Amino acid sequence: MTSPQSPTTDDRPPARCSSRGCTAHPVWDLQWNNPRIHAPERRKHWVACEDHKDTLGSFLSARGFLRDTVPFDPAIAQES
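Residue numbers for the sequence shown follow UniProt numbering, so the first one is 1 and each next one is one higher.
Misleading hints may appear alongside valid ones.
What follows is a list of derived Cβ distance ranges for each label pair [as the list claims (entries may be wrong)]:
no.	residue 1	residue 2	range
1	P14	P40	28 to 36 Å
2	P13	G64	27 to 35 Å
3	S58	P35	30 to 38 Å
4	C22	K44	14 to 22 Å
5	F59	T23	16 to 24 Å
Since the hints were derived computationally from the structure, they do not count as laboratory data.
If you're wondering where the values come from, they're calculated on a predicted model, not measured in any experiment.
Virtual Cβ for every residue (Gly too), placed ideally from N, Cα, C.
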C-alpha cells in the first residue's frame with residue numbers, strides 16, 4: 001500500500017518544459033551543475049521543448065553551468 005505522503009510515479013504530473021510559462025512536452029534534458037556548490041559528478045536537470053532548448057542552454061552556458069544536453073528520457077525524469 002502506498003502512503004499518502006509518498007506519491008507513486010503515476011501520481012506525478014507529466015513533465016513540462018522548464019522555461020517559465022511553457023507547458024510544452026520536453027524533448028531535451030539539459031544537465032548542469034554549479035561548480036561552486038555542487039560536486040563535479042552531481043547533475044541537476046532542466047528539461048526543454050525544441051523551442052526553448054537554445055535559450056535555456058545559453059543561460060546555463062553563460063554561467064559555466066551547462067555540462068551536457070541529451071534527449072529527454074521520461075524514465076530518468078521519474079527517478080529524479
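Each hint, compared with the structure:
1. P14 <-> P40: 28 to 36 Å: 31 Å, holds
2. P13 <-> G64: 27 to 35 Å: 31 Å, holds
3. S58 <-> P35: 30 to 38 Å: 18 Å, violated
4. C22 <-> K44: 14 to 22 Å: 18 Å, holds
5. F59 <-> T23: 16 to 24 Å: Distance hint for F59, T23 holds at roughly 19 Å.
In summary, the one numbered hint that this structure violates is 3.
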